[in-house]
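Peer 1: From first to last, the protein sequence lines stand for chains C and V.
At position 101 of the first sequence the residue is numbered 101 (this note's numbering), and the sequence of numbers has no breaks.
At position 183 of the second sequence the residue is numbered 183 (this note's numbering), and the sequence of numbers has no breaks.
Calculated directly from the structure, the hints in this document are not laboratory data.
Treat the hints with caution; some may be incorrect.
Reference listing, derived: stretches of chain C covered by chain V, where coverage requires no fewer than 3 residues with Cβ under 8 Å from a Cβ of chain V [stated by the list, open to error]:
hint, region
1, 5-18
2, 57-67
Just a sample of chain C residues kept apart from chain V, beta carbon distances all over 12 Å, derived [stated by the list, open to error]:
hint, residue
3, 21
4, 22
5, 75
6, 88
Here a beta-carbon is modelled for each residue, glycine too, at the ideal position from N, C-alpha and C.
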Amino acid sequence: MNTPPLTEELVLDTLRQVIDPEIGFNIVDLGLVYDVRIDNGFVKVLMTLTTPGCPMHDSICEGARHVLLGLEQVNDVDVQLVWDPPWNPSMMTERARQALGVTNF
Amino acid sequence: MEASLPISAGAERTVARPAAAPASLATPAASVSLPLRFMMTGLLALMAGVIWLTVQPTVLSLYHYHQNVIAVTHLFVLGWITTVVMGAMYQLVPVALETKLYSERLAKWQFVLHVIGFAGMVWMFREWNMKQVGHFGSVLAFGVLLFIYNIVRTLLRVPRWTVVAGAVSAALAWIGLTVVLGLLMATLKTGLETETTSHSAVVAFMQRLRAAANTLSHFGAISTMHAHAHLGVVGFFTMLIVGVSYKLVPMFTLSEVQSRRRAALSIVLLNLGLAGAAGTILKNSPWRIAFGGVLVAALAVFGWEIRAILRARKRRALDWGLRHFLTALAMLIPTSVLGVILAWPGLPLTQRTGQLENVYGYLGIVGFVSLAIIGMLYKIIPFLVWFGTYSRHIGRARVPALADMYSPRLQVWSYWTFLSGLLVTSLATFWASNAMIRAGGALVLCSVFLFAVNVGLILRHYFRPQLAPLAAPKTVQKAVT
């Protein structure tokens, strides 16, 4: 089996398996993932949540960390949660906007 | 690390100055089982209350100064609404205000005191044993004291003061006053019996209580009961619903509060209007119409802001939980109209007026507050069960979204049967028709039953989690093929 190289695309695809349960869509297409840095098997993810103080905060961050650790090429993961800039719906992908009926920009 | 935000999407990219989440936000909510036990108890009380209304329709067709009416009303307001609201507050206040609950242990003790207190009160109201109402009421009041203390200590941790925090604080003051007034009413009705104890502290406390209760004897018993009811329903329930709406409606519709000044004004007016209305109702003063007008103004400002929030929403489709909630808010319109009519100076006190008062109370407690709570429970219960069952599985397995945990079809049926039942019961109450009240009660009972089935479907996830393996990312799939 070919092991694909550890790229940003692979990391984002993997993170798409983590959903925000309230909205029912994955964190990448919701625009919650602000940045991904890869350094020799070490992945650093900068992300936010839709609402400050969201009690799912721990679960979603831990889920993102765990799903990436499931990749063979990943040695360690650091997920950092940030609130600035605050998330807004314009950060969603077209796919998420259509699926969730988000308009009014 | 510097971010270019968000990397996945979007039209708008703003300058990124990532600020890490403060540690205090890590686990703001209470444990799952604590609010759930409040909510399940409340749901049982709701079912008991609706069955009671259906089996004994005279509680709505007779004037409400009657032991059965007072008993069933306390089953609704204490057993159902207050129980759920307290459970929800232990969960939502820390979330809405971005802080942590002060003490979960106090909340557990309060639950025990609350259940003993309200169950005993309902039972003793039915028996019309006011002395025992006073005893059970004291147990409940001690629980309320613990509740207020716990939430006040939680509020002291709030990093920044908001309109929501203001509304929660005001609601705590009003529920405290409601309980005190209720206890004084019970004390007054027990008469001035001699103490059965010689303990000096107890005797002194009882004497003070009686002295305070005696001041109530200057007011009419029905006026005092009406003031007590308004303090609880407007001061605690309505204040909280209005306050948390400013957090929850934007959160669930992907919108924002459009005018903080307007939001604050609605809370200020609600407090001023209630203070004046409670005083003038107590004194049976014609000025109650003026303060009723202030309350209506507060609700109008609130409605204006909610309309603005909804117009600015990014998520066009409204889910049915939110529709329940917004429909409940719309119920404030007929309830307010009735309130103004009933506050009108010189309104003749006929049998029809008494029936109109029953409709007013029914619409306020069942049409507005209960429907709003059912709507919010469609958000809160799935969240609690999901959090307890699936949170540790994120990233390890495919987990359901909150909306996948119950049947939307049952939810829609429940919504329409509730509204049909509400309409039939309200009209039947006005006409004092027992047969129609029973029919309307049966419809509301059907609705509550469907809601309970949906709650059962949600709870099933506790015992039988629905997990599926994660699919391989597309990039990996491509590499394999």
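Peer 1: Where does the structure disagree with the numbered hints, that is, which hint numbers, in rising order?
Peer 2: 3, 4, 6
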